[in-house]
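**Student:** Here is what each chain is made of, one letter per residue.
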Amino acid sequence: GESVGLHLPTLSVQEGDNSIINCAYSNSASDYFIWYKQESGKGPQFIIDIRSNMDKRQGQRVTVLLNKTVKHLSLQIAATQPGDSAVYFCAEKAPHDYKLSFGAGTTVTVRA
Amino acid sequence: SQTIHQWPATLVQPVGSPLSLECTVEGTSNPNLYWYRQAAGRGLQLLFYSVGIGQISSEVPQNLSASRPQDRQFILSSKKLLLSDSGFYLCAWSVSGETQYFGPGTRLLVL
Numbered sequence: 001g002e003s004v005g006l007h008l009p010t011l012s013v014q015e016g017d018n019s020i021i022n023c024a025y026s027n028s029a030s031d032y033f034i035w036y037k038q039e040s041g042k043g044p045q046f047i048i049d050i051r052s053n054m055d056k057r058q059g060q061r062v063t064v065l066l067n068k069t070v071k072h073l074s075l076q077i078a079a080t081q082p083g084d085s086a087v088y089f090c091a092e093k094a095p096h097d098y099k100l101s102f103g104a105g106t107t108v109t110v111r112a
Numbered sequence: 113s114q115t116i117h118q119w120p121a122t123l124v125q126p127v128g129s130p131l132s133l134e135c136t137v138e139g140t141s142n143p144n145l146y147w148y149r150q151a152a153g154r155g156l157q158l159l160f161y162s163v164g165i166g167q168i169s170s171e172v173p174q175n176l177s178a179s180r181p182q183d184r185q186f187i188l189s190s191k192k193l194l195l196s197d198s199g200f201y202l203c204a205w206s207v208s209g210e211t212q213y214f215g216p217g218t219r220l221l222v223l
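If you read the protein sequences in the order shown, they are chains A and B. My numbering puts the first residue of the first sequence at 1, with every later residue one more than the last. My numbering puts the first residue of the second sequence at 113, with every later residue one more than the last.
Isolated chain A, as found in the complex:
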């Protein structure tokens, strides 16, 4: 079946730099996308979401970009901090579905 995948499994970032986490999705019918952050031993935490009628959405220090032409989703974190070290998951949802389809996750490590 179709699934959400990630380009890179790990990302090492210098503290204070910007981070970009990429995600490829394969279901062109998906109309909702979401990013989660999961710290070690905890449940995933909602970061930001975006619908398919938008191509950009900003939150506090985070921006999600959606490129439907190439079916690509990215999460940008500004001024990365040590507390941003975690695994980040993207997920997609098709219309009229109750389920999210999750990617494999990218581990982000912030260097001091």
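Among the clues, some could well be false.
Below, computed lysine-lysine pairings styled on DSS-like, alpha-carbon distance capped at 30 Å [what the hints assert, rightly or not]:
| hint | chain 1 | residue 1 | chain 2 | residue 2 |
| --- | --- | --- | --- | --- |
| 1 | B | LYS192 | A | LYS42 |
| 2 | A | LYS42 | A | LYS99 |
| 3 | A | LYS68 | B | LYS191 |
| 4 | A | LYS68 | A | LYS56 |
| 5 | A | LYS71 | A | LYS99 |
| 6 | A | LYS68 | A | LYS99 |
| 7 | A | LYS56 | B | LYS191 |
| 8 | A | LYS99 | A | LYS56 |
| 9 | A | LYS99 | B | LYS192 |
| 10 | A | LYS56 | A | LYS71 |
| 11 | A | LYS42 | A | LYS56 |
If you are wondering where the hints come from, they were derived from the structure by calculation, not from laboratory data.
Using the hints provided, position chain B relative to the given structure of chain A.
**Tutor:** Showing chain B alone in chain A's frame:
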């Protein structure tokens, strides 16, 4: 505000023993409820979801089952645990079918 609880937080069980994990949600009505399993260092595998009391959809055939006896209660069970059932079990809720909010998880080790 809404909160989600899972217990126990950690569980060590012998192979062949039964399992019951509980999830409850507060502060919302008629949520969609989900059970996921996460192997160490891996992604999220959806096991079951429910859109209402007594309604359970199974995503992966295995020796686990789920029940929803009350609107905001979701239970994951097994009659006989296998070694492969070890993992991190996460419950989540949603009201829109979109954003899901996760609980703290239960770490299960089957020996």
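**Student:** Now, for every hint given, state plainly whether the structure supports it.
**Tutor:** We went through each hint and held it up to the structure:
{"no.": "1", "hint": "B/LYS192 <-> A/LYS42", "in the structure": "holds, 26 Å"}
{"no.": "2", "hint": "A/LYS42 <-> A/LYS99", "in the structure": "holds, 21 Å"}
{"no.": "3", "hint": "A/LYS68 <-> B/LYS191", "in the structure": "violated, 45 Å"}
{"no.": "4", "hint": "A/LYS68 <-> A/LYS56", "in the structure": "holds, 11 Å"}
{"no.": "5", "hint": "A/LYS71 <-> A/LYS99", "in the structure": "holds, 19 Å"}
{"no.": "6", "hint": "A/LYS68 <-> A/LYS99", "in the structure": "holds, 20 Å"}
{"no.": "7", "hint": "A/LYS56 <-> B/LYS191", "in the structure": "violated, 47 Å"}
{"no.": "8", "hint": "A/LYS99 <-> A/LYS56", "in the structure": "holds, 23 Å"}
{"no.": "9", "hint": "A/LYS99 <-> B/LYS192", "in the structure": "holds, 28 Å"}
{"no.": "10", "hint": "A/LYS56 <-> A/LYS71", "in the structure": "holds, 14 Å"}
{"no.": "11", "hint": "A/LYS42 <-> A/LYS56", "in the structure": "holds, 28 Å"}
The structure is inconsistent with the numbered hints 3, 7, although it conforms to all the rest.
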